[in-house]
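Enquirer: Here's the letter readout for the chains.
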Amino acid sequence: MSWQATSRRLSLLLACLAAASACGDGAGRDGSERRETRSGSSLPEGFALRLDRPNRDPADFRVTNGERGLEVRTGPSGILYRPDQSVDVGDFTVSATFTELGAPMGHREGFGLVIGGQGLEGPDQRYTYFLVRADGRYVIKNRVGPWTEEITDGWVPSEAVRVAAMEDGDISNDLSVSVVGDRVRFSCNGAEVAEVPAAGLSIHGVLGVRVNHNLVVRVDRFRVDR
Amino acid sequence: MTDSSLTLDRFARFYAPLAATSLLLTATNPLLTSAMSRSVNPATALAGFGVAFSLCGVLYSPLLVGQQVAATKLLSGRPFGPVQGFWIRVGLLFSLLAMAAAFTPLGEWIFRGGMGVSGDIFDEARLALAFLAPVPLLTAVRAVHQGRLVAGHRTNPIALATGFRTGVLAAVAVALTVLTRGGAWVGGAAFTMGLLVETVMVAATRAGSDGAYHPVAAEGVEMGAQDDRMLRFSTPLMVNVLLWWSTPLLINSVLARTPFPAEAIAAFVVVEAVAWFLTAPVGQFQHVSIALVDRKEAHRSAQRWSVLLAGAVAVALAVVAVPTVRMPVLRAVFDLDPGLLSDIGAALPLAVSYPLLYGHRQYYQGLFIRCGRSDAVGWGAALRVAIVLAVALVALAPLSHAGAVLGVLSAAAGLAVEGLFLERVARRQVMPMLAAAKLGKQELPVGEGVTS
Chain E
17 MSWQATSRRL SLLLACLAAA SACGDGAGRD GSERRETRSG SSLPEGFALR
67 LDRPNRDPAD FRVTNGERGL EVRTGPSGIL YRPDQSVDVG DFTVSATFTE
117 LGAPMGHREG FGLVIGGQGL EGPDQRYTYF LVRADGRYVI KNRVGPWTEE
167 ITDGWVPSEA VRVAAMEDGD ISNDLSVSVV GDRVRFSCNG AEVAEVPAAG
217 LSIHGVLGVR VNHNLVVRVD RFRVDR
Chain X
43 MTDSSLTLDR FARFYAPLAA TSLLLTATNP LLTSAMSRSV NPATALAGFG
93 VAFSLCGVLY SPLLVGQQVA ATKLLSGRPF GPVQGFWIRV GLLFSLLAMA
143 AAFTPLGEWI FRGGMGVSGD IFDEARLALA FLAPVPLLTA VRAVHQGRLV
193 AGHRTNPIAL ATGFRTGVLA AVAVALTVLT RGGAWVGGAA FTMGLLVETV
243 MVAATRAGSD GAYHPVAAEG VEMGAQDDRM LRFSTPLMVN VLLWWSTPLL
293 INSVLARTPF PAEAIAAFVV VEAVAWFLTA PVGQFQHVSI ALVDRKEAHR
343 SAQRWSVLLA GAVAVALAVV AVPTVRMPVL RAVFDLDPGL LSDIGAALPL
393 AVSYPLLYGH RQYYQGLFIR CGRSDAVGWG AALRVAIVLA VALVALAPLS
443 HAGAVLGVLS AAAGLAVEGL FLERVARRQV MPMLAAAKLG KQELPVGEGV
493 TS
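Going line by line, the protein sequences match chains E and X. As numbered in this note's numbering, residues 17 to 242 make up the first sequence, in order. As numbered in this note's numbering, residues 43 to 494 make up the second sequence, in order.
Just chain E, with the same shape it has in the complex (with noise of 0.2 Å):
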């Protein structure tokens, strides 16, 4: 018995577990399964729903549209949106309650609004989005396909972002984005925490929310005021 020999027959068992591997976590591993999941998750009606990763199970970014509005509990990071919700040219002002429910203290994950989503079904999607998170930070940020990239630097703490006063208690953050002119401002609870510049920031699209991983975030009096 050699190496060799052992080797060459331990590859021809790791190949079969490597496939093996592939379709045996229960999570989806390429598109087709993930589509068919999708169609066949819980989203409310006109809801759709584009994960971070392809390789992760949309049943696990479970959503339910209740009295109080809409409740997400994740899982995997990603963003829940209507097709038909889109401001297409000119000024608006898109805004949201946030509540994250059961906060534990210095959970850093975040949730907030989109804007300008394009493309969101294919590998070329690009959007904007405002996030907040339990530590009083927020984050602004572009996507553009996979890769995001940075509007403030990182993670900004900021007076305006409510923390959790206890371990496990509700936060809530209303969030606002408004585009005017060449400028687009973001406030939180009233006090506006950035203005930048709408030149390359994807402004007009579709319009939803983002929620990161492992939360349960309650989304009320979402409206877009044009």
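These are computed hints drawn from the structure, not numbers from a lab. The structure displayed is predicted, hence computed values, not measured ones. Cβ atoms here follow ideal geometry from the backbone N, Cα and C, with glycine treated the same way. Some hints here could point you the wrong way.
To be verified - Which bits of chain E does chain X cover? Going by a derived footprint, with three or more residues having C-beta under 8 Å, they are: (1) 65–71; (2) 119–132; (3) 161–171.
Following the hints, complete the assembly by docking chain X onto the known chain E.
Expert: Quick look at chain X alone, frame taken from chain E:
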């Protein structure tokens, strides 16, 4: 130990203690990753620890050679004080360097500029590094005292201290996980506390000739030789150790450039922790070829038993990698979301190659050391790192969504090419020596340890 009739019983009696100690050493990473997976922000905690620990490994791995040097100097009749003083100064310098990376703009330059790490991973890594900063100093102190004990033929206290380290590390990790919100710093603090206890134990143990020499599965080195040729001989072996510890740093730097760096590095860190723990039993094969192989017949016998053990370990890893087995196991050990567990599970089958590739490499490295050809070990290590980097960069685009697979594939490719190189060179340079005559005793294994 140079009889060519190497039976399975003799092989097992020689190797079992080494394999057991090796398992004990490598248990630290699954323990730490399991604890950190229970953090409030598990992916960034694991990724931050992976980044910080890979840098810490590069800083402390050169100090492992202190054991060899101390043992050598003591055996040649030199006093212990100057040796200890030198290594403590070097260890202190490296610890200060780690502190500088944790607390000064040097950290920005290394983590952000060099490794490409930013955001929460950067914050987690810096904090973890602050807790890991004493590790180089402690490693230096531990190494020289281990060398003192090795020179005094007292290897049992070394193994005992290693066991205590793992126990303390586990206790601290569990306590901090329960009492705090966790994070990469928990891994750093637990590791440093474990090492502190181990260092105090070996430093407090008096040397004395109370037992026969036996190789120990420590991260450092063993009984030294006799003269100043040591440095020339040891340099390629030190390079080998340093390059081994540089590998996670290189792979993490590539993974930091994927679209989802936290998940990529976190999944890779967990896969490596599991895979190297299960691979640990083959991690000391260099001792087999050094201690038991002196002629071709012994080589065949030793190789046969080594292959058998490596194959058994690979099969065990393969069983764990089977989807129906791995998901319940991973879920039980690591409290991670299904997506991250899926990433880890996808990479695990590739890690089945580790026991064969690593065992092969260790065995042939031992043969080269035995024959006094440490230069081949150094060249093989350099080749491995080059391949790891090349494969990681080439596979970055196609595997950008499967960071753990990318990492394990790079590591396995590097080991495979290094193994081929070592075997080819061995056929030309070592086998004629084995065929011609019995080799003299050579006791210079520089163990790199597959973990901490």
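Enquirer: Each hint: holds or not?
Expert: Results for each hint:
Beta-carbon proximity to chain X at under 8 Å applies to 4 residues in the stretch 65–71 of chain E; the threshold of 3 is reached and the given coverage holds. Judged by the Cβ-Cβ criterion of 8 Å, the stretch 119–132 of chain E is covered by chain X as claimed, because 6 of its residues qualify and three suffice. Check result for the stretch 161–171 of chain E against chain X: holds, 5 residues qualifying (beta carbon to beta carbon below 8 Å, three or more required).
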